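Novice: Here's the letter readout for the chains.
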Amino acid sequence: MTETFLGMPATAPRGVGHLRGDESFPVAARRSLADAQLRRNLGHATATIRTKSAAVIGEVPDWQELREAGRAIKTDVMARLPELLEQLEATVTAAGGTVHWAADAVEANRIVTDLVRATGSDRVMKVKSMATQEIGLNEALEAAGIEPVETDLAELIVQLGRDKPSHILVPAIHRNRAEIREIFLREMPGVDPALTDEPAILAAAARRHLRRTFLSTRVAVSGANFAVAETGTLAVVESEGNGRMCLTLPDTLITVMGIEKLIPTWADLEVFLQLLPRASTGERMNPYTSMWTGVTPGDGPQDFHLVLLDNGRSAVLADEVGRQALHCIRCSACLNVCPVYERTGGHAYGSVYPGPIGAVLSPQLTGVEDNASLPFASSLCGACFDACPVMIDIPSILVHLRAQHVAAYRSEHRVPSPEAITMAAAAYTMDHLPLYEAAQRASRVTRFAGRRGGGLPPPLSGWTLGRDLPQPPPQTFREWWAQR
Amino acid sequence: MRIALFVTCLADTLFPEAAKATVRLLERLGHEVVFPQDQTCCGQMHINTGYPDDALRLVRRHVRTFAPYDVVVAPSGSCVGSVRHQHATVARGAGDERLASRAEEVARRTYELSELLVDVLGVTDVGAFYPHRVTYHPTCHSLRMIRVGDKPLRLLRQVRGLDLVELPQAEQCCGFGGTFAVKNADTSTAMLADKMRHVLSTRADVCTAGDTSCLMHIGGGLSRLRAGVRTVHLAEILASTEPAGHPAEPAQRDGVTA
Chain Y
210 MTETFLGMPA TAPRGVGHLR GDESFPVAAR RSLADAQLRR NLGHATATIR
260 TKSAAVIGEV PDWQELREAG RAIKTDVMAR LPELLEQLEA TVTAAGGTVH
310 WAADAVEANR IVTDLVRATG SDRVMKVKSM ATQEIGLNEA LEAAGIEPVE
360 TDLAELIVQL GRDKPSHILV PAIHRNRAEI REIFLREMPG VDPALTDEPA
410 ILAAAARRHL RRTFLSTRVA VSGANFAVAE TGTLAVVESE GNGRMCLTLP
460 DTLITVMGIE KLIPTWADLE VFLQLLPRAS TGERMNPYTS MWTGVTPGDG
510 PQDFHLVLLD NGRSAVLADE VGRQALHCIR CSACLNVCPV YERTGGHAYG
560 SVYPGPIGAV LSPQLTGVED NASLPFASSL CGACFDACPV MIDIPSILVH
610 LRAQHVAAYR SEHRVPSPEA ITMAAAAYTM DHLPLYEAAQ RASRVTRFAG
660 RRGGGLPPPL SGWTLGRDLP QPPPQTFREW WAQR
Chain S
-15 MRIALFVTCL ADTLFPEAAK ATVRLLERLG HEVVFPQDQT CCGQMHINTG
35 YPDDALRLVR RHVRTFAPYD VVVAPSGSCV GSVRHQHATV ARGAGDERLA
85 SRAEEVARRT YELSELLVDV LGVTDVGAFY PHRVTYHPTC HSLRMIRVGD
135 KPLRLLRQVR GLDLVELPQA EQCCGFGGTF AVKNADTSTA MLADKMRHVL
185 STRADVCTAG DTSCLMHIGG GLSRLRAGVR TVHLAEILAS TEPAGHPAEP
235 AQRDGVTA
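Chains Y and S supply the protein sequences, listed in that same order.
For reference, each letter of the first sequence is one residue, going 210 to 693 in our numbering.
For reference, each letter of the second sequence is one residue, going -15 to 242 in our numbering.
Derived from the structure by calculation, the hints contain no laboratory data.
Given the structure is predicted, the values throughout are model-derived calculations rather than measurements.
Ideal placement from N, C-alpha and C gives every residue a C-beta, glycine not left out.
A couple of the hints might just be wrong.
List of simulated lysine to any residue pairs, SDA-like, C-alpha gap at most 20 Å [stated by the list, open to error]:
1. Y:Lys373 - Y:Arg386
2. Y:Lys373 - Y:Ala245
3. Y:Lys261 - Y:Ala245
4. Y:Lys261 - S:Lys167
5. S:Lys167 - Y:Ile392
6. S:Lys167 - Y:Pro666
7. Y:Lys373 - Y:Lys261
8. Y:Lys373 - Y:Glu578
9. Y:Lys373 - Y:Ile392
10. S:Lys167 - Y:Arg386
11. Y:Lys373 - Y:Arg539
12. Y:Lys373 - Y:Asp244
13. S:Lys167 - Y:Ala237
14. S:Lys167 - Y:Leu669
15. Y:Lys373 - Y:Arg390
16. S:Lys167 - Y:Arg249
17. S:Lys167 - Y:Tyr618
18. Y:Lys261 - S:Ala154
19. S:Lys167 - Y:Ala617
20. S:Lys167 - Y:Trp672
21. Y:Lys261 - S:Gln153
22. Y:Lys261 - Y:Gln483
Simulated restraints on C-beta separations [to be verified]:
23. Y:Asp401 - S:Arg141: 31 to 41 Å
24. S:Arg138 - Y:Pro683: 31 to 41 Å
25. S:Thr108 - Y:Glu232: 44 to 54 Å
26. Y:Thr307 - S:Arg41: 37 to 47 Å
27. Y:Arg650 - S:Ala154: 30 to 40 Å
28. Y:Ala264 - S:Arg144: 50 to 60 Å
29. Y:Ala352 - S:Glu150: 22 to 32 Å
30. Y:Pro291 - S:Ala211: 35 to 45 Å
31. Y:Asp244 - S:Phe113: 43 to 53 Å
32. Y:Arg693 - S:Met(-15): 12 to 22 Å
33. Y:Thr505 - S:Glu150: 27 to 37 Å
34. Y:Glu578 - S:Glu150: 17 to 27 Å
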């Protein structure tokens, strides 16, 4: 077999979409941490989902085996992605759909915009989708004079509030119901001014607002949770029923799907449809599972387009350690258990993919230097790995990406960073016993820094932000041992 | 049994009481403790901060130092976790397959203190006496990396005089995370604030754990607040006996005790 090396696959382009923040994680996190309302909303919401999810996962005796199965299926998919994608293209086409290949966000946005234009519609309704958030499709449609209407309740709240999503599953998790009422009163045309903050009342207001859109819009854009290569079937799981409306009512349906969402066979759905709702919303089964295979004459959309999105995924696939991030089924269990996410919220991550999975996915999609602070936005506590329904070893990928960042910095700068110099010196010292023992004795001079460590230079001054320094003991262990 | 002490650089340098207590405890139980002098640091900080190339020499040193011993114990879940789950990966990343397999061999014989006591030595009642109200923080790497489970609690429940109180939301990280505590000092401090709130809510006199690193973090925060709650390593509690009082007391300095 001959192979031609075509270079590393491209990462997601800059200047389009929402994979990069404007500031580093520590800077953005500092602001979020000071927002008491945000901390309260997030603490409450994540604790509620954690409890619900733990209860329904506890009911499944073979949960660990299911996780293993999920991981095995996804590993198989990644190992033969090209062949499965071609199989999907063939089955979707045979069922009357049209398949488009988009190398990146720019191409995907152009394909979707052109398809909508061809229908003559100036409005599309949208099913909640991470892929379209990732590529900034709404902005691209608006620039082309097409109005995108989000129909998922939380996405609608975010869209009306001119806000950004902060959670994969619950984009408005950072808002409480009083804030949502304010947004509806301010932004929803014709809303009842006597609106209360009862969840049922708020949902009813959104339903009335959306009903006209559902009945009058002829084009819908969706994402996909799964695509079955064997049958060409697409699947969307949801809780509200808005997705079902979008997927069945319009004439034209355009689905934008990351290429990793593929599964080989119909039977594989059995595994993921058990894993996803329990890990995600803490439900035994999600209320709506919509599946469609191409076009069915006289039933549902008569024009179906599938846009297969790369946007850096091939680059992720090329990394032996990092590629398991592509196994993600977007359940957001890792966000809900993450002690960092629970306190900073999603906006601090700068990307539409926040939390632990975002900290490993975003830097890989964009190239690690474009999101260099994210792999460090974790205490490596490991709660995400335990919670992940497809067993993605997020802590190991974080450590792997940290090393990638250090290596990238080294190759791009002539002078080593102060941290690199310190690390090399520390390793050298620890590898030479007399130097190590001398350093241990020298550590006693930190007594002069005082217990509060006021004399410490950055970055060590970060420690004394909220903690006292330990007082070095009069004798190290090895000195004690030598004297006994 | 002849047991090699993997003291960890942090306990050696800053928290020798935890290491001394490990020695005293194991000797009291009738075992011989040896201290391989050439040991320094397992390299976890280098690995987790993105410097596996620098860590390689420390992995090599650790493997060379501990290869001759049948049983190795460390008073740290985190350092044992690094030995077990990271050393071979670092060696393989550097293309040194021989070092990787030797590292795996050493890892198989390396135990965290509560694992050694319960799984290898088969004891839960170590004859300790510690008349204090104590709460236990399961450190993340003990809990999720090496999975010590309830072994530390089974040991603590047998300590005479000890009033064990459950820590609310015990499984949440204290926010230490090595260099995370300085690179993301604000987030780390926010996590610490919640951990301290839960520790204080137990009205315990002592917060204990199996890692001096996390105890340094929690203890540093409690000390800053002048909260009047001490952090004491699990080994120190288990080493305490009735007539001599508890060894944490003479070592209690003007600051953090771990």
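Novice: Run every hint past the structure and note whether it holds.
Specialist: Hints versus structure:
no., hint, in the structure
1, Y:Lys373 - Y:Arg386, "holds, 17 Å"
2, Y:Lys373 - Y:Ala245, "holds, 19 Å"
3, Y:Lys261 - Y:Ala245, "violated, 24 Å"
4, Y:Lys261 - S:Lys167, "violated, 33 Å"
5, S:Lys167 - Y:Ile392, "violated, 36 Å"
6, S:Lys167 - Y:Pro666, "holds, 14 Å"
7, Y:Lys373 - Y:Lys261, "violated, 26 Å"
8, Y:Lys373 - Y:Glu578, "violated, 23 Å"
9, Y:Lys373 - Y:Ile392, "holds, 14 Å"
10, S:Lys167 - Y:Arg386, "violated, 34 Å"
11, Y:Lys373 - Y:Arg539, "holds, 17 Å"
12, Y:Lys373 - Y:Asp244, "holds, 16 Å"
13, S:Lys167 - Y:Ala237, "holds, 13 Å"
14, S:Lys167 - Y:Leu669, "holds, 9 Å"
15, Y:Lys373 - Y:Arg390, "holds, 17 Å"
16, S:Lys167 - Y:Arg249, "violated, 24 Å"
17, S:Lys167 - Y:Tyr618, "holds, 17 Å"
18, Y:Lys261 - S:Ala154, "holds, 19 Å"
19, S:Lys167 - Y:Ala617, "holds, 19 Å"
20, S:Lys167 - Y:Trp672, "holds, 9 Å"
21, Y:Lys261 - S:Gln153, "holds, 16 Å"
22, Y:Lys261 - Y:Gln483, "holds, 15 Å"
23, Y:Asp401 - S:Arg141: 31 to 41 Å, "violated, 59 Å"
24, S:Arg138 - Y:Pro683: 31 to 41 Å, "holds, 34 Å"
25, S:Thr108 - Y:Glu232: 44 to 54 Å, "holds, 51 Å"
26, Y:Thr307 - S:Arg41: 37 to 47 Å, "violated, 57 Å"
27, Y:Arg650 - S:Ala154: 30 to 40 Å, "holds, 37 Å"
28, Y:Ala264 - S:Arg144: 50 to 60 Å, "violated, 38 Å"
29, Y:Ala352 - S:Glu150: 22 to 32 Å, "violated, 56 Å"
30, Y:Pro291 - S:Ala211: 35 to 45 Å, "violated, 59 Å"
31, Y:Asp244 - S:Phe113: 43 to 53 Å, "holds, 48 Å"
32, Y:Arg693 - S:Met(-15): 12 to 22 Å, "holds, 20 Å"
33, Y:Thr505 - S:Glu150: 27 to 37 Å, "violated, 57 Å"
34, Y:Glu578 - S:Glu150: 17 to 27 Å, "violated, 45 Å"
In summary, the structure is inconsistent with hints 3, 4, 5, 7, 8, 10, 16, 23, 26, 28, 29, 30, 33 and 34 from the numbered list given earlier, while agreeing with the others.
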